[in-house]
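Using our numbering, you'd call the opening residue of the sequence shown number 117 and step up by one each time.
Heads up, some of the hints might be wrong.
Computed spacing ranges between beta-carbons, pair by pair [stated by the list, open to error]:
1. G159 <-> T120: 56 to 64 Å
2. I221 <-> Y190: 31 to 39 Å
3. V156 <-> T197: 42 to 50 Å
4. L220 <-> E131: 21 to 29 Å
5. I132 <-> T164: 49 to 57 Å
6. A173 <-> T199: 40 to 48 Å
7. Q181 <-> I221: 41 to 49 Å
8. A187 <-> N162: 35 to 43 Å
9. A214 <-> S192: 28 to 36 Å
10. T169 <-> V206: 19 to 27 Å
11. L220 <-> A173: 38 to 46 Å
12. E131 <-> L166: 53 to 61 Å
13. Y190 <-> S219: 32 to 40 Å
Source of the hints: derived by calculation from the structure; they are not laboratory data. All C-beta atoms, glycine included, are put in the ideal place defined by N, C-alpha and C.
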Amino acid sequence: MKNTKKLKVMKKMKEICSVVAGTVTGCLFPVKQVSAADSVVSGVNNLTSLVTTIIAAVGTVVLAQGIWDFASAYRSHDSGTQTQAIRGIVSGLIMISASAVISLIRG
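Model the full structure from these sequences, guided by the hints.
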């Protein structure tokens, strides 16, 4: 009879010790919640930023080429080449403003 009573007391002591140990461990080493979605979203944002920067740089080159072509066509009074140059200028402006458009779409 004494042994069963002693075992019950020991079992209760183990339960109390495990609760105290868990509480102390939780206070000393707090758990930081980490979400895998945050790292994926930040990776996608970095990739989007890189792509829009490249598109804007290419758009600057296309715009400069369009302005050069328009000036050359205007000097030689070539209306066909002027039209193509205006298309290049508009294309360059669209490419440069693509990052702003993507920002507006994403909110």
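| Looking back at the hints listed earlier, which ones does the structure fail to meet? | The structure breaks hints 4, 6, 7 and 11; every other hint is satisfied.
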